[in-house]
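Q: Single-letter residue listing:
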Amino acid sequence: MINILIELGFALFSIVIALLVGIAFILLAGESPLDAYHALYIGSIGSWREFLNTLWRATPLIFTGFALALPFKAGLFNIGGEGQLLVGGFAAGFVGFYFTGIPGGLHVALAIIAAIAAGALWGLIPGILKAYKGAHEVITTIMLNYIAIQLTIRYGIERYRIGGRQALPTIQDSAKLLRFNDLAELPVVGSLPFIEAFALPGLRLHFNFILALLAALFLWYLLWKTTTGYELRAVGFNASAAEYGGISSKKTIILSMVIAGALAGLAGAGEALGTHHTFMSGMDAGLGFTGIAVALLGRNHPFGIVAAGILFGALSQGGLEMQFVGIPSEIVTIIQALVIFFVAGLQMLKWFLLKQREKGEAE
Amino acid sequence: MAEENNYLLEMRGITKIFPGVKANDNIDLLVKKGEIHALVGENGAGKTTLMKILYGLYDSDQGEIYFAGNKIRMTDPQQAINLGIGMVHQHFKLIDTLTVTENIILGSEPRQGVAINYREARRQVEEISNKYNLKVDPDAKIQDISVGMQQRVEIIKILYRGADLLIFDEPTAVLTPQEIDELFEIFNSLQEQGKTIIFITHKLREVKAISDRITVLRDGKSVDSVNTEEVTEKDVAELMVGREVLFRVDKGEAKPGESVFQVENLQVKDNRGIMTVNGISFEISKGEIFGIAGVEGNGQTELVEALTGLRQIAGGRVYYKGEDITELSAREIKDRHIGHIPEDRLRRGLVTQFSLSENFILGFHHQEPYSKNIFMNYKAIDQHAQSLIQDFDVRTSSHQILASKLSGGNQQKLIIAREFRQDPELLIAAQPTRGVDVGSIEFIHSQLIKKRDEGTAILLVSAELSEVMSLSDRLGVIYEGEIVKTFAADEADEREIGRLMTGSGKEVKTGE
Amino acid sequence: METIAQMFTLPLLLISFRYATPLILAALGGVFNERSGVINIALEGMMLFGAFAAVYGSGVTGNPWIGVLYSIGAGLAFALILAIVCVTFKADQIVVATGINIFASGLTIYFLQVLYGVAGTSPRAPRLPSIRILGMRYNPITLIAVALVPIVWFILFKTPWGLRIRSIGEHPSAADTLGINVNRYRFICVLISGALAGLAGAHLSIGEFSAFVREMSQGRGFIALAAMIFGKWHPVGAFGAALLFGYAEAISIRVDFAFIPSELIRAIPYVLTIIVLAGFIGKAIPPKAIGKPYFKGED
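Chains as they are written, first to last, in numbering that gives the first Met the number 0: chain E, 0 to 362; chain Z, 0 to 511; chain Y, 0 to 298.
Hints listed in this document are in silico derivations from the structure and should not be mistaken for laboratory results.
It should be emphasised that the depicted structure is a prediction, and the values quoted were computed from it without experimental measurement.
Hints may contain errors.
Here are the simulated DMTMM-like cross-link-like pairs (lysine to aspartate or glutamate), alpha carbons at most 25 Å apart as the crow flies [stated by the list, open to error]:
hint: 1; chain 1: Z; residue 1: K371; chain 2: E; residue 2: E242
hint: 2; chain 1: E; residue 1: K132; chain 2: Y; residue 2: D91
hint: 3; chain 1: Y; residue 1: K231; chain 2: Z; residue 2: D143
Let the sequences and hints guide you as you build the complete structure.
A: What follows is the structure in structure tokens.
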């Protein structure tokens, strides 16, 4: 419990420092930090609708955060969230527009399954190469990111696009993920009393957020309530001891990468089926890499990642409002990067303090 | 001090305390100029710690060091190098991808302008090589040359830096018999050129063959320093092992049942691909402890890993209750109720970042009641942990704390509790009391005996001779991957075993 | 047949050097830091920031050579972050480098807005002069990049300095016992890497072009990483791989293939790198100590 509070403290501390350093960049831009952070607040959690849109922004980040965190528990660094998201998004977008005449629910499900499969494949490749060939997963996943870009954004879109827009054709209505502001129009659900609260113009939150929350529960359960999770954590902490306990580290490594890829694929599915209703160039927008920061800030815990994802989502969503009042929204990206530096740096500080304390005890 | 000039090196009253262990306790080591001085003792006697203090890798807590008559205080290896002290580490500090010459000159390269003068470098390497008869190929890469040549590179490396005192940490451990003979020739030629050598070992045959004087360490203390020619191997073995059997164990007569475990002509390779278990055969019956005594590094690690499915077996067969288990995986072996107390509890035996509860089921986590299908049953796991903590007297505040928070003795009890509770019919225990306090040792010993009396077959591998002798019903002595002799408990003679495990009971191998 | 003939024209081969330039420079930088045992996946960010700084320096002073100095300074500044946080304070190299890449992306766009009030493309700035060789126009950075190849080779394989760098990437404790300051060498190697990646950025913005475009490095830092691996951490090998990858880029842009989409040709460098890493054709083995912070006195 105390550990969790300390972790939380460190995370908040990193964010506060990052925001303080961010002031310098706001001043440099000739703007008032007060105005800027006020806009950030208004734009992210200033109203019910903006809060819901913050959740919308957070959704893919939560998924890509998971994609880093799970293999990390098994001792691997999956930098491939970006590529796994892209192939997942492409698969979903493709199934979404290419097939017609499938009933609504089924079409969405098929598109999502396609995304999961594609993402999982993009995780399987580096997993196998690591387990059986010892190829460093950081490099192979980076390379697979770029292969994914070439295959989907460059080649895939070029092959199927209609007109000048750098995107696949718009998906069929039957493949669209349910948006929260459409809830009111549903038969039974629509008559619930609180549902009106979601019938807001400009609300973009869709059901992938619910999937993200379910995924968090799934991961938490998987990691701490199943033998698979037990084995995965054992391999991550001490592969030799895991081997002694009869656990195959090869299988564990591959499995963690496959699930990670599937989760990143889900991020892509949400963007394609819920946010843009197509697979388009620029859709990834560094979500895979930002997910690394989210996982880091969330201390690789599924619930921590949800919280960190919402925080980063708030920064992105609030950044729009900042832009609206004439302050460069890229300050938000800068703050996100600063958070990474400070979290990484503070981890070392904590480690250093711990070491000092142990030394003190030994003497 | 009048005798000052006699000694090149004087280490007096050296004490070094690590948390919980007095690694060096008021040790004296006096080395004369130009002699080959053997520093002998069992594992954990404090040899390596003492040499690391001399080389500046550790700082001593007490004591003084004089080198060539001057008082020195060593703080880092560079200082030792500058003074003319060089060390050949047990694990070579060589860079595989570089050439012999590059490894030797690294850090003090001869130059020509901004570039390395490779011609000069090679000339110097060849000069040293010829002078001391250290045959090396200056242009070969380290990864392509033999271990023996690698060692010669290490020697040239320190001679290149002008060392007068050369420390060798267990130099023969990695060598073939021919290479050992060559090394001793090198020692002689170094001595002829006026160099002084400190030679750490526990192989008494070698000590007798090459050294001028011997300092014996035991339990962190210097027991004695003697002239080699005035003592026999037997004398040194006694000094080294100590007369007293440290732990007396109350045990009744063994009542062995049928034979359950047979190992036939087992061969196993180590990580470098060298055959380190060379055709070992033995069998163990129900209700019997078979002990393997020996100095560490003679194949015990590989033997135990092979028997527990953690290392591939290169040759021979292993049978358990009539079944051939040679090819089985670690999990398959565990599932057959074969318990394993690993020699290194932190590397193998525990996931220290796991809670005690989670550690109590390592290896059994896939079995009921701890899990069903893939779902863990933490209630059952916690209950299991609590009952084990109670029964095996694991001192802890809770079953939920991390295993890293336990003391060494309690960590070991955790492992023993875990392995015992599965009712093993065969138990393989490697160094079961290493690094644990006396109270825990007694507890662990009595548990092993109890298990034996319940009918478990036990293989006990230990570097502690007294432990093997007091617990075993039968015992074998391992040396260089072979069991050189097997004894029944009542006919085992400590001195003879001491000689066998240091290799002096074996006929001298030359040029085979 | 016609396509194949197009693939091997002299102009195409000559122009490959232009496409390869940023890859050569960043890959040479990567050789330095990786040989010393530090992973640098921030080459991309350093290159991007260098590209921006070059335009800024060139625009402010009117002298593109000052722009080149700015680009090197920008690469150094980012490398300093990596070196301090990861070498001195031993934080995770992958995490921090990822942060640098995000930082570079945000910072350059931020500066575009703050300094120029634009979102996509900076105003024009004076570009470097070009030199005609065999009928092909080259900017001086291309020549510098090619000239650096033998220099880096010489430093790494002929000087004491290079020997020490290679040793600390393989077996830092061996070097340490011989009195070599492991972390100081690593620090310097990371800085060199940053300077070269920054210079690569200048090639993109004021060498081949005369303005900065957001995200203009387009993953070239990662292709450089690939070239370095494909070239097996050897400067000449990295040069060859960079040239091959530059050639792949050139034909994907300049040759019209009927049967293979050009987008797929551009994926070839990445595929080749994975194949080499996995050991399917001549295994690429990284320096042994790579990515692990070094604590003094460890084994």
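Q: Each hint should be assessed against the structure and marked as holding or not.
A: We went through each hint and held it up to the structure:
1. Z:K371 <-> E:E242: holds (21 Å)
2. E:K132 <-> Y:D91: At roughly 24 Å apart (the allowed maximum being 25 Å), D91 (chain Y) and K132 (chain E) satisfy the hint.
3. Y:K231 <-> Z:D143: Roughly 19 Å separates the two Cα atoms, so the pair holds.
Hint check: no violations occur; every hint is consistent with the structure.
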